[in-house]
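Produce the entire structure from the sequences given, and follow the hints as far as they go.
Residue numbers (the numbering used here): 1 to 205.
You may find that some hints are simply not true.
[What the hints assert, rightly or not] Keeping only pairs whose Cα atoms sit at most 25 Å apart, straight-line, the calculated DSS-like set for lysine-lysine is:
| # | residue 1 | residue 2 |
| --- | --- | --- |
| 1 | K22 | K63 |
| 2 | K172 | K22 |
| 3 | K22 | K93 |
| 4 | K172 | K23 |
| 5 | K83 | K93 |
| 6 | K193 | K83 |
| 7 | K63 | K93 |
| 8 | K172 | K145 |
Source of the hints: derived by calculation from the structure; they are not laboratory data.
It should be emphasised that the depicted structure is a prediction, and the values quoted were computed from it without experimental measurement.
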Amino acid sequence: MRIFVILAGIALLCGCSSGKDKKLPILGRQEISGNDTLYQRIADFRFMNQDSAWISNETFAGKAYVADFFFTSCPSICPIMKKQMLRVYKTFKGNSGISFLSHTIDPRHDSVPVLHEYAADLGVSSDQWHFVTGTRDSVYSLAEKSYMVATLEDETAPGGFIHGGHFILVDKNRHIRGIYDGTSEESVDQLIKDIPLLLNEGTAE
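Now the structure itself:
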């Protein structure tokens with residue numbers, strides 16, 4: 001009999017107490033069948049980035065990445081989120097083991113040229129930070145089912161959209177290893193501390 005387990009709450013470090021032995025938990029759904037445990041993985045995806053290049057799960061093969069959801073005309077939390085994500089990006093700029101993936105939830109407005117200008121204004125490289133667009137259904141489905149991030153259109157909300165302000169740390173096996181409040185400097189500080197832990201650990205089983 002299969003048992004489905006939902007892991008909830010804030011990501012906590014687990015394992016041994018010494019810093020070098022600490023491992024981040026694997027978050028999300030677990031499917032337990034007999035002696036095997038299957039952890040939730042980010043589903044396959046294929047989106048176009050700010051340079052008109054196709055970006056898929058294969059783009060991140062063998063590396064970790066930090067994902068978020070935003071829209072360029074967002075007047076509320078997105079500017080705060082991008083300021084915090086930029087801080088993480090600058091900390092790990094040039095590190096080939098970690099990349100960044102920002103999905104627009106407003107594909108009607110956020111075309112490739114709009115995303116290109118947005119990335120240019122931030123001064124970031126598409127080699128390490130991808131701003132991607134796709135169909136509304138594909139982005140929203142991935143957000144909810146894989147990243148556990150709520151996204152929806154709401155005319156009464158600032159900018160016309162409601163979305164979670166989380167940064168999601170994903171390992172090279174497409175498992176979620178941490179969820180952080182992208183509007184909180186303290187939470188993002190923890191992300192900056194957790195990334196080296198993830199990069200230094202072995203392959204998660």
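Practice item. State the violated hints by number, sorted upward, taking the hints as numbered earlier in the document. Key: No hint contradicted; all consistent.
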